[in-house]
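Asks: Sequence order for the protein chains is A and B. In the numbering used here, each residue's number is its place in the first sequence (first place is 1) plus 1. In the numbering used here, each residue's number is its place in the second sequence (first place is 1) plus 322.
Don't read these hints as lab results, they were simulated from the structure. All C-beta atoms in this analysis are idealised placements derived from N, C-alpha and C, irrespective of residue type, glycine included. Hints should not be assumed to be uniformly reliable.
[As the list claims (entries may be wrong)] Under the rule of at most 25 Å between Cα atoms (straight-line distance), these lysine-lysine pairs were calculated in the BS3-like manner:
1) A:30 - B:1187
2) B:497 - B:480
3) A:444 - B:931
4) A:444 - B:907
5) B:381 - A:444
6) B:1034 - B:381
7) B:495 - B:506
8) B:1057 - B:999
9) B:633 - B:1034
10) B:931 - B:907
[Stated by the list, open to error] Just a few of them, taken from the derived set where beta-carbon distance is under 8 Å, the chain B residues facing chain A:
11) 494
12) 495
13) 497
14) 530
15) 531
16) 555
17) 766
18) 769
19) 798
20) 907
21) 1191
22) 1203
23) 1206
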Amino acid sequence: MGRQAATSKQITHRLSRAPAKGPTVFIEKQRSAMRLVALSREAVAQNLEHGLTLADARARVPNLVAMERDMVADADWLERLADFCDRYTPLVALDEEDGLIMDITGCAHLFGGEAALREDLAQRLTHAGMTLVSALAGTPDAARAIARFGGGAIVPAGNEPDAAAPLSVDALDMGHETARALSRAGLATLGDLASRPRTPLAARFGQALPTKLARLLGEDDISITPRRPLPPCTVERRFGEPIGREEDVMATLAHLMGEAGSMLEARGEGGRAFELSLFRTDGAVRRLRVETSLALRQAGPIVRLFQDRIDTLADPLDPGFGYDLIRLAVLVSAPFEQPQVSLDGHQAALADIAALIDRLTTRLGREAVLRFVASDTHIPERAVYMVPAKDYEDARKAQGDDGENKSWPAPLPGDPPSRPIHLFEHPQPIEAVAEIPDGPPLKFRWRRVLHEVARAEGPERIAPEWWQQDTPLPTRDYYRVEDADGRRFWLFREGLYQRETNQPSWFVHGVFA
Amino acid sequence: MTDTPTYAELATTTNFSFLRGASQPGDLVTQALILGHQGIGIADRNSVAGTARAYRALKELRTSEDEAVRAQAEAFQLVVGARLVFADGTPDILAYPETKEGWGRLCRLLTLGKRRAEKGDCILTRQDLIKHARGLLLILMPDDDVVALEDALTMLTKTVSDTLWLGTSMGRKGKDRRHLLTLKDCAERHGVPLLATNDVLYHGPEQRPLQDVVTCIREGVTLEMAGTLLEANAERHLKAPEEMARLFKDAPEALAEIETILTRIDFTLDQLAYTYPDEPIPPGRTAQSWLEELVWKHAPYRYYDTGVPEKVKQLLRDELKLIDELDYAPYFLTIHDIVRVANDKGILCQGRGSAANSAVCYVLGITAVDPAEHDLLFARFISSERKEPPDIDVDFEHERREEIIQHIYERYGRDRAGIAATVISYRPRSALREVGKVMGLTEDVTARMAGTVWGSFGTEVYNKHIRQAGLDPDNPVIKRVLDLAHQIMGFPRHLSQHVGGFVLTRGRLDELVPVGNAAMDNRTFIEWDKDDIDALGLMKVDVLGLGMLSCIRKGLDLLRNHEGIDYALADVPQEDQEVYGMLQKGDSIGVFQVESRAQMNMLPRLRPKAFYDLVIQVAIVRPGPIQGDMVHPYLRRRNGEEGVDFPSPAPPHDPNELRSVLGRTLGVPLFQEQAMKIAMVAAEFSDEEANGLRRAMATFRHVGTIHMFEQKMVERMVARGYEREFAERCFNQIKGFGEYGFPESHAASFAKLVYISSWIKHYHPAIFACSLLNAQPMGFYAPAQIVRDAREHGVTVLPADINHSRWDNTLERAEEGALALRLGFRQIDGIHEDWAKDLTDERDLGYDSVEDLWRRAHLPHRALKLLADSDAFRSVGLDRRDALWAVRRLPDDEPLPLFEAAQRHELSPEPAANLPSMHLAEHVVADYQTTRLSLKEHPMTLLRPGFDAEQVLTCQQVNEARDGLWVRTAGVVLIRQRPGKGNAIFITLEDETSVVNIVLWASKLESFRPVVMASKLMLACGHVQRSKEGVIHLMATSLADRTDRLANLSNLHTAPASLARADEVIRPILSRGDSVKGGLVKEPRTISTRPSALRTSEARHPRNVRIIPKSRDFH
């Protein structure tokens, strides 16, 4: 029988980020009302409880600080905790939103025994601002029940029935209806159930109840499903004599990548995310990751990406007394596509760009390689913004996009372009003569050159996004104009005559080709 | 285009194009007048709902005191139509009827589109329009799609030639002039004139933010994300004629066409003159002669024992004469017809409203208020100047009202009968929530802001409350949200059906107004609400449901079946002093109207001795008299502590001018009509002004125009020599009536039901409780309180049992001859009526075991579980635990066919489970969970030993304690209220002996807030305060939450979730008003209350601990 540990945590970590004064709760919309889903100690002390609506809670505690629950962040945090717990055992499973189950069979002695392991875990988590409730028992169900419903304990082997007996029947986790029916029958604890013949129970509550009961009592065992499957491919090399020089590391990496590459090839796959783990003799682990846009399996590019990565590390590798284990894991694999050559070279160009983005991003960092994206707004200068190119590529791939940027509206057939090819980042002031109130400019002076307007169309009136500013900005009247020499400009008058100002000012915002 | 150009905007979208237009129809009309437009065309998306509002606004302007405004409004031309939006890609088309026939066709077209769509939607195609196009002037409003435009023009010019225009607008979109040229070319090719519009969405450019906000609400996006869904600029407002002329200087002919259209339109809403349906009149008779015949034929039957008194004869003659003058006979006949059908079907009903308390109505059986006994003059309620249809609302048993509604549809046909609409508007809460969402605030913040609004009828959101909620009102975003929310308040959100207002016509209703589907099956409703209907002078009949009538009918049936007494409403013995005696004690649980805490406190003060006292009792505990501070003067005068005098004006005015108005109420105005009459007599309001005031009163909550009248009325009264203070009180009262007016005629009809329900309660308490329970949900009290009250009145109450109960609660004759109440299965949460029917159908001589019931009645598993859990197997010797254990063993509901036969065999023996026996306390808790009441014990009895040790007094002891004594008491929390001004919190506690009323001053609230808001079982300490009428309050100095005691009652680890039981949520309107310590306060709002599911082991589950829902008052 293995030994199982279950932990459950209270979500307190995000409190530190919020300017929380007074009782704090996290809320979520459930059944059409905002309800409390997690409470700080102070909030619990005010008799608030899980599931209460925010309105009711506020009625009781007006100074309640409420924050919307961020499921993604919570899940992320739990994943990080699970990562952290990898140090105790590779078999870690997530349990609901706030618990972990670990199979520590055969691991405890590494930490000086079960109690020491539990103590170590408790200390580290407490240090990280967590509240830990944990239990160790012979089966995952028993451990979980004792942690969640019994306050936690180390149950000596074989003592599960005694440890579980005082738990409420809620610990069966078979739904409110069953728990209520058992209570009605006067069967309040697992002990009440354990001491009775099981056939009548099965006849009334289904076979699931005796089965579950047996697991809780440690009579029956199942194994947990670890939270993530082992990486598709892991290769490692152990060294009797630790190595420390970077060249050695890179050579090892190239070697490992060669091995991994043939494993991937056998499966017809390539890797898209790689992790290099450098285990120091003193127990510290350094992990480096690279990702690629296309599935790859040749050693060369991967080693080059890792080299770039190592070269640009903010804190360089410190081998200490050397590494005794180097592991390369392919975290994400995907079918390896033989590039198809299309006639117009579009695919190849895209692939080239993707490769370039990979390299630049790996070298310079995500935030340093940007690209333009269209934004849906009337305000010309805000109709475009920049995002990390890698993010954009990833999102595009995820959506199966063909790479065209569709967001800019095309003019109607036969219409001239409504926006200039070159938009100035800052509109440049000009002097212009125009008819009041909103006639087109007749002539204007830009950079000391006087332009006679030969033709003009407009105005295209664009009002500011009133919700953006505290004081309203003036409205703009845009004109497409062509001067006597055939040069085309995009001008605007700022401020509606008499409605907003008596002295509208003029700017040039861009030039047409 | 010489000196002053003329212009009228014909493409106007109001906010009745929901979440598209950003101005009220009235604002658009007013703005158009200000800009000097010649007229305006109102055309909303597939709707004419906004047209009546525009019509009302113009009508009001035409009565302006300002000569110039009046003249301009007279000349102003309001043309009404709709913007047809098609489902087949056709561009929008504005349709304006040229004539009344055209209007009829437009309405039929819209009806067609609405009837084939879901509620609120309208599906139209181009073909539909072509079929209905005659008499309609059509303006095609092209979008950017040139192909669709060409297509539509080609198609339309084939069928409609000289009634089609091509609309265009200069929206400042950059290529306006180019676009105009394209359209001009297009128009010429198709021979269709171009028409200038501005495709208006709001009346002024300052409305743009609001328009953006409603667009975002419509599209479900935030402003941040809305992007090009929003308009690029603020140009779609009404513009001055000069500006329009300038914009269209390339196409002056497009402006000239406006004039053409205006001249061609010969239709106004005034032409929708109403014609009464003539069904109830036999062929060859006039309505008046038939009404007279009916009246004189029925009168002797109404007074069969005494003969028609001379006074009544005279009354009838006078009334008939007035009815003849005003031509109201068809209306009375229609009501009579509906009431007659109800009588035939055995459905109890009663009329109320201004015309209801006439002798004619009494004689025709429309009301039970006898004009011979009660001095209620019909003429007082009907003013001959007011050329408006009389007002009779008819209340029917709520359970059977649908039969009447379907009868009306059947009799008049769906094309001639329709329910009026109710315009659902943005209220402070919804406005804040939606605007906040659009502005990107989180739900938490919007909830907090919305929580600052007390109640939902106010129109002001106070900074103070915002600050209390921990938000900064000066923060620009918060400020903007508040500002915009304030602007959007009163905007219509959607139309819904009125609760029972019917419009009946002689001709086709769908040619008068579009008719659409309601959300309910078999219901259709029109696009106008009751104010619109009033303004257009249409006839409306209100068919309302009243729970108490169901209750009384059930009571009268039981009386007939069990006691052999056969009474109709009018037969119940009148003016029985024993009945009044009961009311004087405040013993009124379950009695119609006077059962609320506030009414119960008032009863011993008012001490009703006669019918008219009940009329006053009903009307006095109301926001109007309370806000006007009229209650105490009345009570003092009634008790002889203060002389009766009448406020007088200074000479030369008649010092007794108010005597006739206020004589019946001892010089204190209590009823709505009195306040109106004061405005007319003492402030010399003209009929027009009084009408305006009345309208302002009716719409006060929405529009807030009443303040215009405040100064006028108060100043005129002061000028005529009245005391300012009296004048202000009168006006405050009118404002109060605006919220919940109570005219004397309504009060009289209600008082009748008060008396009848009191009579049944006093003489037949078991029947009363039984019928009240069977009419649930209704009234103020939960079943637990009704049962408790019955037991206190000596009624034996028996538990629900599989061998004795039926679905309904029933009466059994006990040995000593008294009637005992047997609870029915309807008292068990979750039991369906058809299960109960199966059970009783198969019962025969009774069931002898769980298995027997299961085999014979074929009940589903769930039903058996619920029966067992509610302890209904006692007659077969099983308590709930044993019964549940047995039920659970039964096989599942739908066995595989193969096993079906096998299951018919006896269940095999099994090892004994030796379940522990169930304690009384556990049973009590379970009783509350399943039936919300326990006949076994009050939970407090079980807790009493513990409380005794703490020297906690019973509620009974508190109620008997001397004034000023400091006491401790505890009980289950029944009701929490915080009345309007919020000075005090009222809490009602109940224990096994009685109830006690706690008052907690607001200053103490902060210290005890969690206790007040969360306790199910509360301990209160404080001083006893005893008023001279014997009303007792406990003035609390401290409170403690003892809910954990309830939890300890059973070995379950949770408390019976909601013993707290209350009431007002069910009928909030009827429960306004509460009083304390000589200081009457207005309009209490419920804090606690709502029956909740009681599931112990789920009690942690939010659904089951919702004992304090909607406690917004405290935020």
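Asks: Evaluate each hint against the coordinates.
Replies: Going through the hints against the structure:
A threshold of 25 Å between alpha carbons decides the hint, and for residue 30 (chain A) with residue 1187 (chain B) the separation of about 32 Å lies outside it, so the pair is violated. Using a Cα cut-off of 25 Å, the hinted pair residue 497 (chain B) and residue 480 (chain B) is violated, with the two alpha carbons roughly 31 Å apart. As the CA atoms of residue 444 (chain A) and residue 931 (chain B) are separated by approximately 93 Å, the hinted pair breaks the 25 Å bound. Proposed proximity of residue 444 (chain A) and residue 907 (chain B) is contradicted: the alpha carbons are some 92 Å apart, above 25 Å.
Of the supplied pair hints, the one linking residue 381 (chain B) and residue 444 (chain A) is violated, its CA atoms being roughly 52 Å apart against a limit of 25 Å. Straight-line distance between C-alpha atoms of residue 1034 (chain B) and residue 381 (chain B) comes to about 21 Å, which keeps the hinted pair within the 25 Å bound. Restraint check for residue 495 (chain B) and residue 506 (chain B): the C-alpha separation of about 17 Å stays at or below 25 Å, so the hint holds. For a cut-off of 25 Å, the pair hint linking residue 1057 (chain B) to residue 999 (chain B) stands: about 15 Å separates their Cα positions.
Distance check on the hinted pair: residue 633 (chain B) and residue 1034 (chain B) sit about 40 Å apart at the alpha-carbon level, beyond 25 Å; violated. A hinted pair counts as satisfied when its Cα atoms are at most 25 Å apart, and residue 931 (chain B) with residue 907 (chain B) qualifies at roughly 12 Å. Against a cut-off of 8 Å between C-beta atoms, the interface hint on residue 494 (chain B) holds, since the closest Cβ of chain A lies about 4 Å away. Interface restraint check for residue 495 (chain B): the shortest CB-CB distance to chain A comes to about 6 Å, inside 8 Å, so the restraint holds.
Annotation: residue 497 (chain B) was flagged as interfacial toward chain A, and the flag holds, the nearest CB pair being 6 Å apart, inside 8 Å. Against a cut-off of 8 Å between C-beta atoms, the interface hint on residue 530 (chain B) holds, since the closest Cβ of chain A lies about 7 Å away. This hint holds: residue 531 (chain B) has a C-beta 5 Å from the nearest C-beta of chain A, less than the 8 Å allowed. At a threshold of 8 Å, the smallest CB-CB gap from residue 555 (chain B) to chain A is about 4 Å, leaving the interface hint in force.
Using the Cβ-Cβ criterion of 8 Å, the hint placing residue 766 (chain B) at the interface with chain A is satisfied: the shortest such distance is roughly 5 Å. For the restraint placing residue 769 (chain B) at the interface with chain A, the shortest Cβ-Cβ distance is roughly 6 Å, inside the 8 Å limit, so the hint holds. Interface restraint check: residue 798 (chain B) against chain A, minimum CB-CB distance 5 Å, threshold 8 Å, status holds. Taking 8 Å as the C-beta cut-off, the interface hint given for residue 907 (chain B) is violated, the closest approach to chain A being about 35 Å.
Taking 8 Å as the C-beta contact cut-off toward chain A, the hint placing residue 1191 (chain B) at the interface holds, the least distance being around 7 Å. The beta carbon of residue 1203 (chain B) comes within 6 Å of a beta carbon in chain A, closer than 8 Å, and the hint placing it at the interface holds. At about 5 Å, the closest approach between the beta carbon of residue 1206 (chain B) and any beta carbon in chain A falls short of 8 Å, and the interface hint on this residue holds.
Hints 1, 2, 3, 4, 5, 9, 20 from the list above are not met by this structure, while the remaining hints are.
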